[in-house]
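Novice: The primary structure of each chain is shown beneath.
Number of protein chains: 2
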Amino acid sequence: MAEAVTIGDSEFDRDTAVALREPGVYDAELSAGWTIIRAVNGGYLLALLGRALGEALPHPDPLAVSAHYLTASQPGPAVIRTQTVRSGRTMSTGQASLFQRDEDGGEVERIRVLATYGDLDRLPDDVRTSAKPPAIPPREHCFGPSDGPAPIPGSSAITDRLDIKLDPATLGWALGAPSGKGEMRAWFGLADGRDPDPLSLLLAVDALPPTAFELGLEGWTPTVELTVHIRCRPAPGPLRVSITTRNLAGGFLEEDADVWDSADRLVAQSRQLAMAPRG
Amino acid sequence: MAEAVTIGDSEFDRDTAVALREPGVYDAELSAGWTIIRAVNGGYLLALLGRALGEALPHPDPLAVSAHYLTASQPGPAVIRTQTVRSGRTMSTGQASLFQRDEDGGEVERIRVLATYGDLDRLPDDVRTSAKPPAIPPREHCFGPSDGPAPIPGSSAITDRLDIKLDPATLGWALGAPSGKGEMRAWFGLADGRDPDPLSLLLAVDALPPTAFELGLEGWTPTVELTVHIRCRPAPGPLRVSITTRNLAGGFLEEDADVWDSADRLVAQSRQLAMAPRG
Numbered sequence: 003m004a005e006a007v008t009i010g011d012s013e014f015d016r017d018t019a020v021a022l023r024e025p026g027v028y029d030a031e032l033s034a035g036w037t038i039i040r041a042v043n044g045g046y047l048l049a050l051l052g053r054a055l056g057e058a059l060p061h062p063d064p065l066a067v068s069a070h071y072l073t074a075s076q077p078g079p080a081v082i083r084t085q086t087v088r089s090g091r092t093m094s095t096g097q098a099s100l101f102q103r104d105e106d107g108g109e110v111e112r113i114r115v116l117a118t119y120g121d122l123d124r125l126p127d128d129v130r131t132s133a134k135p136p137a138i139p140p141r142e143h144c145f146g147p148s149d150g151p152a153p154i155p156g157s158s159a160i161t162d163r164l165d166i167k168l169d170p171a172t173l174g175w176a177l178g179a180p181s182g183k184g185e186m187r188a189w190f191g192l193a194d195g196r197d198p199d200p201l202s203l204l205l206a207v208d209a210l211p212p213t214a215f216e217l218g219l220e221g222w223t224p225t226v227e228l229t230v231h232i233r234c235r236p237a238p239g240p241l242r243v244s245i246t247t248r249n250l251a252g253g254f255l256e257e258d259a260d261v262w263d264s265a266d267r268l269v270a271q272s273r274q275l276a277m278a279p280r281g
Numbered sequence: 003m004a005e006a007v008t009i010g011d012s013e014f015d016r017d018t019a020v021a022l023r024e025p026g027v028y029d030a031e032l033s034a035g036w037t038i039i040r041a042v043n044g045g046y047l048l049a050l051l052g053r054a055l056g057e058a059l060p061h062p063d064p065l066a067v068s069a070h071y072l073t074a075s076q077p078g079p080a081v082i083r084t085q086t087v088r089s090g091r092t093m094s095t096g097q098a099s100l101f102q103r104d105e106d107g108g109e110v111e112r113i114r115v116l117a118t119y120g121d122l123d124r125l126p127d128d129v130r131t132s133a134k135p136p137a138i139p140p141r142e143h144c145f146g147p148s149d150g151p152a153p154i155p156g157s158s159a160i161t162d163r164l165d166i167k168l169d170p171a172t173l174g175w176a177l178g179a180p181s182g183k184g185e186m187r188a189w190f191g192l193a194d195g196r197d198p199d200p201l202s203l204l205l206a207v208d209a210l211p212p213t214a215f216e217l218g219l220e221g222w223t224p225t226v227e228l229t230v231h232i233r234c235r236p237a238p239g240p241l242r243v244s245i246t247t248r249n250l251a252g253g254f255l256e257e258d259a260d261v262w263d264s265a266d267r268l269v270a271q272s273r274q275l276a277m278a279p280r281g
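The listed protein sequences correspond, in order, to chains A and B.
Residue numbering for the first sequence follows my numbering, beginning at 3 and increasing consecutively.
Residue numbering for the second sequence follows my numbering, beginning at 3 and increasing consecutively.
Incorrect hints may have been included.
All copies of an identical chain are treated as equivalent in the list; a pair is satisfied when it fits inside any one copy or across any two copies.
Quick list of in silico lysine to aspartate or glutamate cross-link-like pairs, DMTMM-like style, CA-CA up to 20 Å [to be verified]:
{"no.": "1", "residue 1": "Lys183", "residue 2": "Asp128"}
{"no.": "2", "residue 1": "Lys134", "residue 2": "Asp266"}
{"no.": "3", "residue 1": "Lys183", "residue 2": "Asp169"}
{"no.": "4", "residue 1": "Lys134", "residue 2": "Asp197"}
{"no.": "5", "residue 1": "Lys183", "residue 2": "Asp123"}
{"no.": "6", "residue 1": "Lys134", "residue 2": "Glu185"}
{"no.": "7", "residue 1": "Lys134", "residue 2": "Asp17"}
{"no.": "8", "residue 1": "Lys183", "residue 2": "Asp63"}
{"no.": "9", "residue 1": "Lys183", "residue 2": "Asp199"}
{"no.": "10", "residue 1": "Lys134", "residue 2": "Asp169"}
{"no.": "11", "residue 1": "Lys134", "residue 2": "Asp121"}
{"no.": "12", "residue 1": "Lys134", "residue 2": "Asp11"}
{"no.": "13", "residue 1": "Lys183", "residue 2": "Asp197"}
{"no.": "14", "residue 1": "Lys134", "residue 2": "Asp258"}
{"no.": "15", "residue 1": "Lys183", "residue 2": "Glu31"}
{"no.": "16", "residue 1": "Lys183", "residue 2": "Glu105"}
{"no.": "17", "residue 1": "Lys134", "residue 2": "Asp15"}
{"no.": "18", "residue 1": "Lys134", "residue 2": "Asp165"}
Hints were generated in silico from the structure; no laboratory data involved.
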């Protein structure tokens with residue numbers, strides 16, 4: 003791990019930067035550094051759209067972000083068009099779409115997002131959480147792509163940007179012995195040591211290997227829809243991410259993610275509908 | 003219960019009817035029959051938007067519907083404007099907004115929805131579900147608004163349209179002794195005996211008393227965002243709905259709903275972010 007960088011000055015911040023072209027319209031560059039095989043990671047894309055909406059809307063923080071994935075994004079230029087749907091006193095709602103050019107120069111929509119924003123620092127302090135942090139071994143007993151014993155298949159550019167250490171109990175797939183349970187748990191951080199913030203939580207919920215691997219299914223698990231609720235500004239330090247699939251049926255599966263911060267708070271919850279691998 | 007009516011010819015179908023005004027634009031009438039206190043039920047509104055999208059899109063069935071609630075709807079006229087975002091071979095994505103007129107005659111947006119549609123009858127048969135149907139007593143041992151021993155507070159017009167029988171284990175709130183657990187379970191049907199279909203599942207996920215009641219909190223729990231995944235066409239007969247809240251914090255709570263059909267299949271999953279009652 004490199005010397006820690008600060009929020010605002012990191013790989014993640016540079017690669018999710020957006021440049022105002024005209025009111026509500028932002029230019030972006032999808033980095034090849036956040037690809038899995040050839041596809042751009044869906045959580046990275048969500049963070050990019052989330053940053054644009056944070057600039058466009060009167061409130062700074064994503065509270066609820068719902069994304070429907072339309073076509074596969076490619077590394078390279080993109081434009082994000084935002085719309086303010088409603089501006090309230092404590093919350094505002096916006097819409098954003100990410101477009102890229104196809105071979106003929108026409109605009110193709112990649113993702114469309116509806117999002118409600120607010121101010122996480124102004125929420126009341128009451129906490130009545132029955133959820134428990136995931137039972138995950140200490141970080142030094144978990145394994146990342148570089149730890150062996152066998153290299154984790156499917157490694158891609160994004161693995162260099164992330165600091166993921168998987169719970170050995172959910173690592174059977176990498177050794178040819180998937181558990182058969184739809185569970186994946188890991189310690190999560192950014193490789194350059196940048197601390198988490200609400201935008202990086204949008205990445206964290208979609209950055210682990212798919213639960214389908216532990217169900218013995220290999221191959222692509224394209225996201226159809228992903229909704230993230232940001233419940234609390236995360237404390238500095240590593241996150242723990244727990245992903246669960248309870249229902250694989252009809253060619254689809256859901257992935258529910260819980261993200262816990264170093265202060266033992268449930269900082270994000272997400273659910274996605276994805277297409278099950280054929281394998 | 004009245005003599006059973008058929009899908010397409012029921013209170014629910016009449017009250018969620020939409021009339022094509024021009025391509026993509028539908029007139030509707032929000033029925034006062036689906037109100038809780040004075041507010042129009044959010045699941046009923048979602049079913050209305052879902053019906054309009056089912057007519058506008060090339061695929062018939064909602065697979066994933068994400069709604070952001072903007073302003074409180076009122077019984078009376080409404081217009082739904084839809085847009086086809088993407089048309090694929092097996093799935094299509096659309097957007098819809100419901101508008102009403104304010105006192106000055108201006109259009110006010112009530113809800114905006116992004117939705118991915120497909121064809122539930124063309125999904126493969128594979129089922130690998132680890133989720134278990136909710137542990138709920140037989141219907142005759144559960145209680146509805148008319149069963150006493152105490153009348154259930156908060157009863158409203160919608161209770162006449164629904165056939166809800168709550169698990170006694172989640173009914174403590176009605177007797178002044180909430181369990182403190184964020185759980186609500188019930189048998190769910192439509193009062194006129196109409197069988198479930200994908201549209202009525204959009205209603206079912208948001209029709210039970212809020213889990214906040216069992217957490218000892220009374221009052222309004224307005225939905226900020228609600229996403230529903232329809233996983234299977236439901237079999238005829240009563241549904242079982244289980245709602246869980248694990249994280250009440252910062253003035254918000256999530257409600258996760260599972261809906262099971264009479265064939266013991268998990269037919270719908272939803273999650274919503276709602277504002278916690280102040281009580």
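Novice: Hint by hint, say whether it matches the structure.
Specialist: Now for the hints, and whether the structure bears them out:
For the identical chains of this complex, Lys183 and Asp128 are inter-copy neighbours only, at 16 Å across copies versus 34 Å inside a copy, given an alpha-carbon limit of 20 Å. Within a single copy, Lys134 and Asp266 get their C-alpha atoms as close as 9 Å, which meets the 20 Å cut-off; across copies the closest is 29 Å, which misses it. In the homo-oligomer, the alpha carbons of Lys183 and Asp169 lie at most 20 Å apart inside one protomer (13 Å), although the nearest pairing across protomers, at 29 Å, exceeds that limit. In this homomeric assembly, Lys134 and Asp197 never come within 20 Å of each other (Cα to Cα): the closest approach is 22 Å inside a single copy and 38 Å across copies.
Taking CA atoms no more than 20 Å apart as the test, Lys183 paired with Asp123 passes in neither setting, with 37 Å inside one copy and 27 Å between copies. Proximity of Lys134 to Glu185 under the C-alpha cut-off of 20 Å is found in both arrangements, the shortest distances being 15 Å within a copy and 16 Å between copies. For a Cα distance limit of 20 Å, the shortest separation of Lys134 from Asp17 qualifies neither inside one copy, at 33 Å, nor across copies, at 42 Å. In this assembly of identical chains, Lys183 and Asp63 lie within 20 Å of each other by CA distance neither inside one copy nor across copies; the values are 34 Å within and 29 Å between.
Within a single copy, Lys183 and Asp199 get their C-alpha atoms no closer than 30 Å, and across copies no closer than 30 Å, so neither meets the 20 Å cut-off. Taking CA atoms no more than 20 Å apart as the test, Lys134 paired with Asp169 passes inside one copy only; the shortest distance there is 17 Å, against 25 Å between copies. In this assembly of identical chains, Lys134 and Asp121 lie within 20 Å of each other by CA distance neither inside one copy nor across copies; the values are 25 Å within and 38 Å between. In this homomeric assembly, Lys134 and Asp11 never come within 20 Å of each other (Cα to Cα): the closest approach is 33 Å inside a single copy and 46 Å across copies.
When the C-alpha separation of Lys183 and Asp197 is checked against a cutoff of 20 Å, the pair qualifies neither within a copy, at 31 Å, nor between copies, at 34 Å. In this homomeric assembly, Lys134 and Asp258 come within 20 Å of each other (Cα to Cα) both inside a single copy, at 15 Å, and across copies, at 16 Å. For the homomeric pair Lys183 and Glu31, neither the shortest alpha-carbon distance inside one copy (37 Å) nor that between copies (46 Å) is at most 20 Å. For a Cα distance limit of 20 Å, the shortest separation of Lys183 from Glu105 qualifies neither inside one copy, at 42 Å, nor across copies, at 55 Å.
In the homo-oligomer, the alpha carbons of Lys134 and Asp15 never lie at most 20 Å apart, since the shortest distance is 31 Å inside one protomer and 42 Å across protomers. Taking the shortest alpha-carbon separations for Lys134 and Asp165, neither the intra-copy value of 23 Å nor the inter-copy value of 35 Å comes in at or below 20 Å.
Comparing the model with each numbered hint stated earlier shows that hints 4, 5, 7, 8, 9, 11, 12, 13, 15, 16, 17 and 18 do not hold.
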